[in-house]
Structures are given as structure tokens and as C-alpha cells.
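Please build the complete structure, drawing on both the sequences and the hints.
Counting from 1, one number per residue, gives the positions in the sequence shown under the working numbering.
No lab work stands behind these hints: they were computed from the structure. You may find that some hints are simply not true.
As the list claims (entries may be wrong) - In the SDA-like style, the derived pairs of lysine to any residue whose C-alpha atoms are separated by at most 20 angstroms in a straight line are:
(1) 59 with 78
(2) 64 with 36
(3) 34 with 59
(4) 59 with 79
(5) 34 with 71
(6) 64 with 38
To be verified - The calculated label-pair distances, taken between Cβ atoms and stated as ranges, are:
(7) 61 with 5: 18 to 26 angstroms
(8) 24 with 4: 38 to 46 angstroms
(9) 74 with 16: 25 to 33 angstroms
(10) 80 with 23: 18 to 26 angstroms
Yeah, the Cβ is synthetic: ideal placement off N, Cα and C, and Gly gets one too.
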Amino acid sequence: MSAMECDDFLKDLDLLILGDEDQNGLEDDLTPVKLVAAIRSLYSGKSVGPNGLAIEMYKGMVEKVAEHMLAMFQAALREGGLHQTRGQLRSWSFQNKANL
Numbered sequence: 001m002s003a004m005e006c007d008d009f010l011k012d013l014d015l016l017i018l019g020d021e022d023q024n025g026l027e028d029d030l031t032p033v034k035l036v037a038a039i040r041s042l043y044s045g046k047s048v049g050p051n052g053l054a055i056e057m058y059k060g061m062v063e064k065v066a067e068h069m070l071a072m073f074q075a076a077l078r079e080g081g082l083h084q085t086r087g088q089l090r091s092w093s094f095q096n097k098a099n100l
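This is how it looks when you write it as C-alpha cells:
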């Protein structure tokens, strides 16, 4: 899609415009508290993600995985993707599900 086609598509969309405070909030560091709150706010009963795990599983053990997820997200930001870190949380959660 060309830049002009993209602009034509976007101009007709009714997009939410964030205020300055909300825009600045997007620049704040992600913390374990924010991550836990975000996971708890997700809707339950939806289809599983690409890793095959339902959100209910994450909600049930959010306190145990928040630090690991945060480390994974921070590594992804540094490295520009989840290529090496993506499987770490999945394997951690499967290895430790008996301990929950």
C-alpha cells in the first residue's frame, strides 16, 4: 500500500485522539503493578492467543508471572522483537503449572 493510499484510508476513519496527558502516559515505563492491572482488565472467555494459553490462565497466576513477563517485554523493546524471548514465558508457565 502506498503512502497516499494509506492516507486516503486513514482520513475517513473516526479515530480516537489522545490528549496530552494520555500521550505522555504512553511514554511511562511499564511496571509490574501496571502489568498486573492490565492483565486483570482483559476480558475473560475469549479465544486463546498464539501461544495457546487463555487469558484466564494468566489471570490465575498473574502475581507469579508478572516479573517474568515484564523482563520479556523489556528485552523485546531492547532487541526489537520477541524472537528469542517469546518462548521463555511459555516454557516457564508449562514447567511450573503444577506448582500453582
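These are the hints, each one checked on the structure:
| no. | hint | verdict |
| --- | --- | --- |
| 1 | 59 with 78 | violated (26 angstroms) |
| 2 | 64 with 36 | holds (10 angstroms) |
| 3 | 34 with 59 | holds (14 angstroms) |
| 4 | 59 with 79 | violated (27 angstroms) |
| 5 | 34 with 71 | holds (14 angstroms) |
| 6 | 64 with 38 | holds (15 angstroms) |
| 7 | 61 with 5: 18 to 26 angstroms | violated (44 angstroms) |
| 8 | 24 with 4: 38 to 46 angstroms | violated (31 angstroms) |
| 9 | 74 with 16: 25 to 33 angstroms | holds (27 angstroms) |
| 10 | 80 with 23: 18 to 26 angstroms | holds (23 angstroms) |
Hints 1, 4, 7 and 8 from the list above are not met by this structure, while the remaining hints are.
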